[in-house]
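Asks: From just these sequences and the hints, can you work out the full model?
Those sequence lines, one after another, are chains A and B. With the UniProt record's numbering as the guide, the letters of the first sequence map in order to residues 1 to 425. With the UniProt record's numbering as the guide, the letters of the second sequence map in order to residues 1 to 425.
A few of these clues could be false.
Since the list gives no way to pick one copy over another, a pair counts as held whenever it fits inside one copy or between any two copies.
[Unchecked claim] Calculated pairs, EDC-like style, for lysine to aspartate or glutamate (alpha carbon to alpha carbon, straight line, at most 16 Å):
{"no.": "1", "residue 1": "Lys273", "residue 2": "Glu211"}
{"no.": "2", "residue 1": "Lys26", "residue 2": "Glu123"}
{"no.": "3", "residue 1": "Lys273", "residue 2": "Glu213"}
{"no.": "4", "residue 1": "Lys263", "residue 2": "Asp253"}
{"no.": "5", "residue 1": "Lys54", "residue 2": "Glu112"}
{"no.": "6", "residue 1": "Lys252", "residue 2": "Glu64"}
{"no.": "7", "residue 1": "Lys54", "residue 2": "Asp113"}
{"no.": "8", "residue 1": "Lys199", "residue 2": "Asp47"}
{"no.": "9", "residue 1": "Lys94", "residue 2": "Glu423"}
{"no.": "10", "residue 1": "Lys94", "residue 2": "Asp4"}
{"no.": "11", "residue 1": "Lys360", "residue 2": "Glu149"}
These aren't lab readings, by the way, just hints derived from the structure by calculation. No experiment lies behind these values; they were computed from the predicted model shown.
In case you want the letters, here they are:
2 protein chains.
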Amino acid sequence: MNTDLRDAILRAVDEGFDEQIAYTQKLVSFASQRGEEFTIQDFIYDDYAARGFKMDRFEMSEAELTNHEGGAPFAAGHSCAPIVVGIHHPKEEKRRSLILQHHLDVVPVGPEDMWEYSPYGGEIVGDRMYGRGAGDMKAGAGANVYALEALKRIGLQPASTVYLQSVVEEESTGNGALQTFLRGYTADAALIPEPEENKLARACSGVLWFEVEVRGIPVHVRQMGEGANAIDAAYRVIGALREIEAKWNAEKDQHRGFEDEPKPINMNIGIIKGGDWGSSVPAWCRFQARISIYPGQKAQDKLREITDHISNFARGDRFLGQNPPRVTQNGFNAEGYYLEPGSEAENTLARAHEVAFGAKLESFTTPAYLDARVYALYNRIPTLCYGPVSRNVHGFDEYVSLESLRSVTKTMALFIADWCGTEAI
Amino acid sequence: MNTDLRDAILRAVDEGFDEQIAYTQKLVSFASQRGEEFTIQDFIYDDYAARGFKMDRFEMSEAELTNHEGGAPFAAGHSCAPIVVGIHHPKEEKRRSLILQHHLDVVPVGPEDMWEYSPYGGEIVGDRMYGRGAGDMKAGAGANVYALEALKRIGLQPASTVYLQSVVEEESTGNGALQTFLRGYTADAALIPEPEENKLARACSGVLWFEVEVRGIPVHVRQMGEGANAIDAAYRVIGALREIEAKWNAEKDQHRGFEDEPKPINMNIGIIKGGDWGSSVPAWCRFQARISIYPGQKAQDKLREITDHISNFARGDRFLGQNPPRVTQNGFNAEGYYLEPGSEAENTLARAHEVAFGAKLESFTTPAYLDARVYALYNRIPTLCYGPVSRNVHGFDEYVSLESLRSVTKTMALFIADWCGTEAI
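Replies: What follows is the structure, given as structure tokens:
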């Protein structure tokens, strides 16, 4: 890329950055927890249409998704919000097509009194923009738009097809991203600006979600020996699951990209509910678990390993033997992936990053779910998960670094110009 | 008591028993969980008035109750339903006055699909009447009325004042019973027909209710080491509480009436709730605990022992040391009692029981809360907790034995005639 074009792109990102910040704040202002994403997706639809994209909007199909090996069950709470795709066609297809993707669902805010800043306020203090989803990943969603706007500002547009995909269900199933694949969308590469600390995700784990329910005969607490406390029993099942977690962590040396992670496999008990009355021995307890798996492992194989282990444990337990816990998969059924180094897409991103940051692009392993798995595993295209610095993602006072976002947007604009080529509008 | 009167009373109970069963079913048909007892207490008010009692109805006073050493805090969910007292004055006070008490609040039914019978149906199958509260203690509430009705059926009434007390909050605080004391009610003895297996409660434990809340900084599960899982932390606190439970159980030899109980002190974790999202490390977890204490121990002393133990444990825990658990007393603040054997009231009950059952009256220790503690500890009167056979109290398909109820009602009618004397209506 010639120096003039490069400098013009960098300047254009700077010139549009105030507008980009305001746009990101607008996105943060939508409460878009699971099932609530209708208004933000409608905003996106109208916004992209106004920016000149051709628009496609479609539903997630339970039949199609649950027939696919990477699809997750439609449990209670599954979003019905649409998936939105904005399509840019160049005057002439000159180089390589690209998918720019983001998700706009966010996780719950938790007890609001534990926030110093308003969860949907998008408040800016110094370099930080605060809010649920500010990092994960509304800043990235804004960057997808404003990387393209930077080119427009200097009279250019990509010289190849670009798909701007706005999805939901990233935080619970990954069904939104998978539906774009099932709809037939593909390209020569995909870029997803998740909050990745200005780095490239080299590998990400798969994730399983499941609920465990324990039920048993309750009694008055004075006869506690006769009854069985479902809350105590649930805790014993959690203990058995910790054995699985330890076993899988002990296998990390066999998994490329995970050898140096201190604890690549995390099992999280994210929600627990049980019992109805202080002086009644609880008859029921349910908990929601999330566990990661290594790339290359099949989600259903690992789920079976979990259910078998719970069954074996339960058989040896005086209470659980009579009341076997019920395990229900109620979300992620996702494999992980490993991004082979050396692709032309990665090399292009690395060059752009070096210009924007004046430093080499680093890569790292993330023991989290990424929608990137859909493009890596099923589209089988180079998939670049790369995005800004953030903190407290899924926590309180989540924020994104604005200077990081500015530089990441520069990388993205340069990457698009290089990967797709440019043409005059 | 002469044989003719005795036989007439026994016959009168039999003759009224179908009506008594229908009345008990009517009581069971009221869903009267905590806070819902308005309609059943209004039914009682109208019913007692129609039966000729002078009526008193009053509120539980938060100020009065929380100033009393046996009063429990008014936590969320505390009932506002009134306390109802029906008063019988004889033409001439000849013998000894009596309090007949029952509570009409019931505990939650739990998941309804775990019931074979309808929780509020009062269905009768053979000897059993099923329903939430059938045993605990709507059968007793009916017996209080129909023991007196048996006398009326043969033209008699007690020759002393009788207070028929219908209270609430027995399952959570005992504040209803305590309010009758604070209102000034007292008598020469009290009888409470709780479901006690045709036996007399010799001793009952005190009970404490408290909630423990753990909060901590949550993070995305990929950074689990940085955050702290409040659900895991809550289970560690439960472990520390089990140490208290074991310590107190080891002291049972020092407590009259509890030496032979296999496990006199039960700590029950009755409710647990925590977390908002499967893939977020939970920031909060709350659980509701209930623990018993021995008679003679002060509730506040034992609560302090618990909070001190939790504090000490927390100080040594990497996460809890930074995020001390909050302990809130949110119910029972009750001492237990020991009924001194040999009172005239007990002897009178024993004679009546022997007539009704043809067997000696047995006594036993119950490691549960009983409203009887109010009359034993504060009124300082002989308090007889004695009532029918039941099963699955606080559980599913709770039922009361009707033949047991019939005989218990006979005991009660004989007891009243003997204790209070009789006069022609």
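Asks: Quick check: which numbered hints come out false for this structure?
Replies: 5, 6, 7, 8, 10, 11
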